[in-house]
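Q: Okay, here's what each chain looks like letter by letter:
Protein chains: 2
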Amino acid sequence: MPELKSMSKDELLANYDKYLKEYNNYKEMKLNLDMSRGKPGSKQLDLSNGLLEGIDDYHSINNIDVRNYGVLDGLPETKKIFSDLLNVPEKNIIIGGNSALNLIYDTFARLLLFGTLGNTPWSKLQKVKILCTVPGYDRHFAMCEEFGLEMIPVPLNEDGPDMDMVEKLSLEDDAVKGIICVPLYSNPTGTVYSDEVIERLAKMKTAAPDYRIFLDNAYAIHHIYKKNKLANIFELAEKYKNEDRIYMYFSTSKVTFPGSGIAMIAASQKNIEEIKKRMSIQTIGHNKINQLSFVKFFKNADNIMSHMEKQAAILKPKFDIVIETLEKEFGENKLCTWTKPDGGYFITLYTLDGCAKEVVKLAKEAGVIMTGAGSTYPYNNNPKDNCVRIAPSYPYMEELKTAMEVISSCIKLASIKKELKML
Amino acid sequence: MPELKSMSKDELLANYDKYLKEYNNYKEMKLNLDMSRGKPGSKQLDLSNGLLEGIDDYHSINNIDVRNYGVLDGLPETKKIFSDLLNVPEKNIIIGGNSALNLIYDTFARLLLFGTLGNTPWSKLQKVKILCTVPGYDRHFAMCEEFGLEMIPVPLNEDGPDMDMVEKLSLEDDAVKGIICVPLYSNPTGTVYSDEVIERLAKMKTAAPDYRIFLDNAYAIHHIYKKNKLANIFELAEKYKNEDRIYMYFSTSKVTFPGSGIAMIAASQKNIEEIKKRMSIQTIGHNKINQLSFVKFFKNADNIMSHMEKQAAILKPKFDIVIETLEKEFGENKLCTWTKPDGGYFITLYTLDGCAKEVVKLAKEAGVIMTGAGSTYPYNNNPKDNCVRIAPSYPYMEELKTAMEVISSCIKLASIKKELKML
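Those protein sequences? They're chains A and B, same order as listed. Residue numbering for the first sequence follows this note's numbering, beginning at 1 and increasing consecutively. Residue numbering for the second sequence follows this note's numbering, beginning at 1001 and increasing consecutively.
Hints in this document: simulated from the structure, not taken from any laboratory. Glycine included, every Cβ here is placed at the ideal spot set by N, Cα and C. A portion of the hints provided could be inaccurate.
Stated by the list, open to error - Derived DSSO-like pairs (lysine-lysine); straight-line CA-CA distance at most 27 Å:
| # | chain 1 | residue 1 | chain 2 | residue 2 |
| --- | --- | --- | --- | --- |
| 1 | B | K1043 | A | K127 |
| 2 | B | K1091 | A | K124 |
| 3 | A | K277 | B | K1043 |
| 4 | A | K296 | B | K1239 |
| 5 | A | K277 | B | K1091 |
| 6 | B | K1299 | B | K1091 |
| 7 | A | K43 | B | K1364 |
| 8 | A | K277 | B | K1129 |
| 9 | B | K1277 | A | K127 |
| 10 | B | K1361 | A | K124 |
| 11 | A | K357 | B | K1277 |
| 12 | A | K296 | A | K364 |
| 13 | A | K276 | B | K1364 |
| 14 | B | K1129 | A | K124 |
| 15 | B | K1127 | A | K277 |
| 16 | B | K1124 | A | K296 |
| 17 | B | K1340 | A | K277 |
| 18 | B | K1276 | A | K364 |
| 19 | A | K124 | B | K1357 |
| 20 | B | K1129 | A | K129 |
| 21 | A | K277 | A | K91 |
Unchecked claim - Here are some of the chain B residues that sit facing chain A, going by a computed Cβ distance under 7 Å:
| # | residue |
| --- | --- |
| 22 | L1086 |
| 23 | P1089 |
| 24 | N1098 |
| 25 | A1109 |
| 26 | M1143 |
| 27 | D1195 |
| 28 | K1288 |
| 29 | Y1396 |
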């Protein structure tokens, strides 16, 4: 398809008919493909089936019977593996339940109800603002909205959030209490934060003494094309005496089994002590059998990295299909652009302004379910209506090929409709 | 040992010397027995070792792959078992993570931050008061204190809380927002709430429209000597149009493995809808592999009840030792009284006023760790200082025999010290 700008009205109308027909053909296939979430495909899950086989010894290295109560913050051997994976000292790690999202939620709840390190509980303040990178993760936004935190969108550049803007807002307004973001292979753009961005986050001056960076490091080891490495934000923050600023979250949801993995939070000593004290009121401890099974299955961090290479080998052809289809269909006609992540779970597609909702709607009507077009923006509001998240992991290869054809068809049709002022 | 009141000063002093010597002999044994918590013993845990063997099919009855994301409120087959066990419709059940305590905590956090069913969030109110049965569960009290809820102690009678007092306080003061209690085999007294008490809880008028009864039904199926059955509070509450008043919690922590069991909350339709909506922001779902393993291991509620009889067979001799030792040592001299629960995990011992702390202190110095003497009261404050919680489940039989001898010795010594005004 040529560029729209070069077409006459008649040509546009002819193309509209052509692509509507193409789209209707797809519609008749009565597809039912769910690409709405970053769910691993079943081949990825099969890699961890050893975990389903159970364990024959239920003692941890310090001879604790993991079948009984106790050990609030996690088994030492589980901490050790996370420590090696993420380059954070074991003493700065608390192992949680099955969900990093839940750990983030609990952190916000504590900040609202109790405050942190002697500061006023956020629920007692007139207003609390949180910086949100856009596009970003819809569940983060839903959480901030739920907790009544005002979200301020900050554009995500190629090397991370617009740090000039982050620094300015954080310094000028003490109601700005933090930033929530995914620093490696960001959801949904796949952005890798540069060393400079990480250092500026660690270094910047903030008006709020209880400013917090919620680093959802969900894809910390989820490389596909290239192994990118984040600068060590804890070491940098310590250098600038801002170590209490960082909460980092990680889970094995996309390493082993989503929903039955192991989540963790890493933070400074003071933060860890505070969280442990509060957590001791909330629970007696998390599932240690799960923690031990994980250790018995993987044994060490190296084996996890090998496992992640197997995951990458399954994901890469899927990402290839998406990128190749987009290049073939849109490489020259400027109807859309897209990100080319080195890892993570998503590719972000930028349509012509005002077309994203229509693309998602058309795709849905043709049986391809994608994430809502606004959902990668706070309050579900992308003023440009140009952003679509593609999650290639869940469908089988053949399904994905078809889905990408459908999506491409939808993009063409929506673009022509837009040009014809039919949207 | 005869009654203290019948002794002369010289007799008291002679007995003091005698029991101090006896106590010091125990001290020299350098024991190290932990009876501080209601931890199951390892023979109880062995009953569930089948759970460690894993599963060979990872599909739920509706063919969901439990290894992947989804199913916020729990697998249908898991709900079915809880429904059969507790006589609550499946639609009124949400399956949680590994900890009922955590579900209670989350409920309080939601009430504080969001309120319920359109009522003002509790954190926006000047004062929120919660009725607490005394003696009661220390972790409930710690939680109320953490959340800044003012605890009002309500005496626990033989058939449950003093309902005249509960009704009066709940009707007269709209800052009284609820009551937290363990209705069957209460921690620590083993009290069974009578049908009348349950009906009054369901029926009573309350000043606060968002009054809530937090029923921690931790020992719902944990019978030992006799199978007591609670009246169905949900049906009663519905009859009096108070069905939104009830939150009921249960977990398999003391059915299978503490810390890696399955927790649940039961509530009215409106409450369940509200919780699910809020929970959908907090997590994508809880550990479904754990839920499925549980179902595959037990298959149905009947098998769980048989399993609980095996648990009872292990616990009964331990409760027997405690009761028999106390009857032998204190049956006639009135130095203490005690509860004789039909089930649950605890026996409560009432010493002479002002002796409980001394008993716990002496026991600790002789290597027998018990729960802190005040801890079964809000703010750790039992004005009479007369209550000691005995948790017989964790020690081996021989250890428990020794521990009960030590505790008896401590009671005698503390009682004589008290009589001699040495305390």
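Q: It remains to establish, for every hint, whether it holds in the given structure.
A: Each hint tested on the structure:
1. B/K1043 <-> A/K127: Violated. B/K1043 to A/K127 sits at ~54 Å, over the 27 Å cutoff.
2. B/K1091 <-> A/K124: violated (36 Å)
3. A/K277 <-> B/K1043: violated (31 Å)
4. A/K296 <-> B/K1239: violated (52 Å)
5. A/K277 <-> B/K1091: violated (35 Å)
6. B/K1299 <-> B/K1091: holds (20 Å)
7. A/K43 <-> B/K1364: It is violated: about 55 Å lies between the C-alpha atoms, which goes past 27 Å.
8. A/K277 <-> B/K1129: Answer holds: A/K277 to B/K1129 is near 23 Å, not above 27 Å.
9. B/K1277 <-> A/K127: Since the Cα atoms of B/K1277 and A/K127 sit roughly 24 Å apart, the hinted pair holds (cutoff 27 Å).
10. B/K1361 <-> A/K124: With a Cα-Cα distance of about 41 Å, the restraint between B/K1361 and A/K124 is violated, given a limit of 27 Å.
11. A/K357 <-> B/K1277: holds (25 Å)
12. A/K296 <-> A/K364: The given pair, whose Cα atoms are some 43 Å apart, is violated under the 27 Å limit.
13. A/K276 <-> B/K1364: Holds, at roughly 26 Å.
14. B/K1129 <-> A/K124: holds (19 Å)
15. B/K1127 <-> A/K277: Between B/K1127 and A/K277 the Cα gap is close to 24 Å, so the pair holds against 27 Å.
16. B/K1124 <-> A/K296: violated (47 Å)
17. B/K1340 <-> A/K277: violated (35 Å)
18. B/K1276 <-> A/K364: holds (26 Å)
19. A/K124 <-> B/K1357: Cα-Cα ~39 Å, so violated.
20. B/K1129 <-> A/K129: violated (31 Å)
21. A/K277 <-> A/K91: This hinted pair holds, its Cα atoms lying about 15 Å apart.
22. L1086: Given a least distance of 22 Å, the restraint on B/L1086 is violated.
23. P1089: Hint on B/P1089: violated, closest Cβ of chain A at ~25 Å, above 7 Å.
24. N1098: Holds - the Cβ of B/N1098 comes within 7 Å of chain A, reaching about 5 Å at its closest.
25. A1109: holds (5 Å)
26. M1143: holds (6 Å)
27. D1195: Violated, about 32 Å.
28. K1288: holds (6 Å)
29. Y1396: violated (14 Å)
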